[in-house]
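Chemist: Listed in order, the protein sequences are those of chains V and S. Residue numbers are given in our numbering: position 203 of the first sequence equals residue 484, and the series is strictly consecutive. Residue numbers are given in our numbering: position 261 of the second sequence equals residue 445, and the series is strictly consecutive.
Read the hints as simulated data drawn from the structure, not as lab findings. Glycine residues also receive a C-beta, built at the ideal position from the N, C-alpha and C atoms. Mixed in with the good hints, there may be bad ones.
[Said to hold, decoys possible] Coverage of chain V stretches by chain S, computed from C-beta distances (three or more under 8 Å per stretch; other residues unrestricted):
1. 389-399
2. 427-441
3. 446-453
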Amino acid sequence: MPTTTAVPGGAPPPPSAQQLARGEGDAPAPGRSVRRYRPEDTRAGYAFVSPWLLGFVALTAFPMLASLYLAFTDYNLFRAPEFVGLDNFADLFTDPRFLQSCQVTAVYVFVGTPIKLAASLGAALLLNTKHRGQGVYRSIFYLPSLIGASVSIAIIWRAMFIDDGVVDQIQQLVGLPAGGWVGNPDMTMPMMILLAVWTFGAPTVIFLAGLKQVPTELYEAAEVDGAGPVRRFWSITVPMLSPVVFFNLLMETISAFQVFSSAFIISGGTGGPAGSTLFYTLYLYLRGFQDFRMGYASAMAWVLVIVVGIITAVLFRTSRSWVHYTGDVR
Amino acid sequence: MKATRRLRSLVFHAAAVAASIVVLYPAVWMVMSSFKPGNQIIGNTSILPETWTLENYVTAFGGIGGVPFTSFVWNSVVLAVLSVVGTVASSAVAAYAFARVSFPGRNVMFAVMIGTLLLPFHVVIIPQYIMFNSAGLVNTYVPLLAGKFLASEAFFVFLMVQFIRGIPRELDEAARIDGCGHGRTFGLVILPLMRPAIITTSIFMFIWSWNDFLGPLLYLKDPDLFPLPIALRQYVDQTSVSDYGAQMAMAVLALVPVALFFIIFQRYLIQGVATQGLKG
């Protein structure tokens, strides 16, 4: 079993979500390319896959098409949708709140995600050494990933970073300017990024599993050839780990775009102060479910899908030059 | 030689312990704060309570807005258990089809299924809400559970497909020779062997459902139906800012099941996460 996330022995992964799809699964067995199916297999196959298929059609495909239509309408849930052409999209790009939500989300994604991944790679390298107690540390590091998105932790975060809260107290103790982070528009983003970085454990576990699959012979051979630890890291660890880095980067970036509950709780559902926690999904929620501007919110949803799609495509395209797949002809 | 190893080990443990303290600090602070009198939580750096009190827990169990706290717990349990049942059942059958049955369109469907892992979930919330609203299902658990019974969490289907692929094909063939069709092969051969994957799925699904905020926020209006996260949010919104004690106690109580799962099943959790990125 290859350790990569790519099709074993297939063509280089082309840049689209669907190709990732095939990349993550095993390619169809070559012997099966003759398209003949046994009728009982076909029947059983559709029977078994039908719950998923029904769910996909009714809860994903149809709603996606519906929201594409709604994006071109004015709809408030009570009157019939009224077709307005591109008005929603035109409004979006002149709506200062929308533009602010894009900015907030962009900073969170493009600053927060690299920091989180760096922390998690560092932790994985630390844990990939031969010492006792690795399992315990790994579990401790992983714990925040389970609870980081919960309302409980958002409440705790707010209480820790509020005026006179424990963080403010420590700041005053060491002589930093006083003041909580929750009410300060300049400090809410660092606070949110800290919360994201705190959940570095899940990618750490994935990095660690990747590191464990790097054959030790490579390191031994390099050592015999006189490569020092730094050289070994850059010439063996980094290329061997690049498929896992790619996977983590992709998944963490996509999920960072969708942060919602912590921002909602910490700002009391407003995105404040001064719109500094108005994350994209929070603004989408407010537009859709508070102002009942469902058409506008659908347009926002599609802009998000397109942006995430473009970023995914760009990641895939650049991955050709820095992701190294091993084992198979490539 | 031995001395350098000692030193290395010391450096390693120093770094790991320091990181662990930073990582655990918020959780420890939360638990400790829940035992402090309300006015000692803010404006106080001491992590240990100066005076220990259970008053916050008494307030927490007093309920929110006339609804007893146990009602929120029960609602969360109902949602989580039904989510687990639905997800395990629907994902296992779908995974069997993807991993073991060859039928027209399978590879396309599998690709689409994995593609949904990358799809921002928010694109469907508006139309889904409109659908469930026009069907009169807002303020019921149906919108929160429908997807669970229809294998909508692609992560689990993928996890199970990977697991089934690791089961030797000879077992299927033996079952077929003994006259089993796909139904019995799945039920009698594959399903019993899928125990680890089912356990991993169950734990993750339970925790995800337990922590889910957006779904219940959208669909539930009646406080009697609220699960814990929504109840917590309501409490935070409606109480005066100074009442941190009860907030802390409720936050702790809401995480107790997650903590228990973590302590008991961490091996499965960590393996589940590792599988996500590798294998295949």
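Chemist: Verify this for me: three or more residues of the stretch 389-399 of chain V with a beta carbon less than 8 Å from a beta carbon of chain S.
Modeler: violated (count 0)
Chemist: Tell me if chain S covers the stretch 446-453 of chain V under the three-residue, 8 Å CB rule, please?
Modeler: As far as the stretch 446-453 of chain V goes, the hint holds, because 4 residues have Cβ atoms under 8 Å from chain S.
Chemist: Report holds or violated for chain S covering the stretch 427-441 of chain V, Cβ cut-off 8 Å, minimum 3 residues.
Modeler: holds (count 12)
In this structure, only the earlier hint numbered 1 is contradicted, and the remaining ones agree with it.
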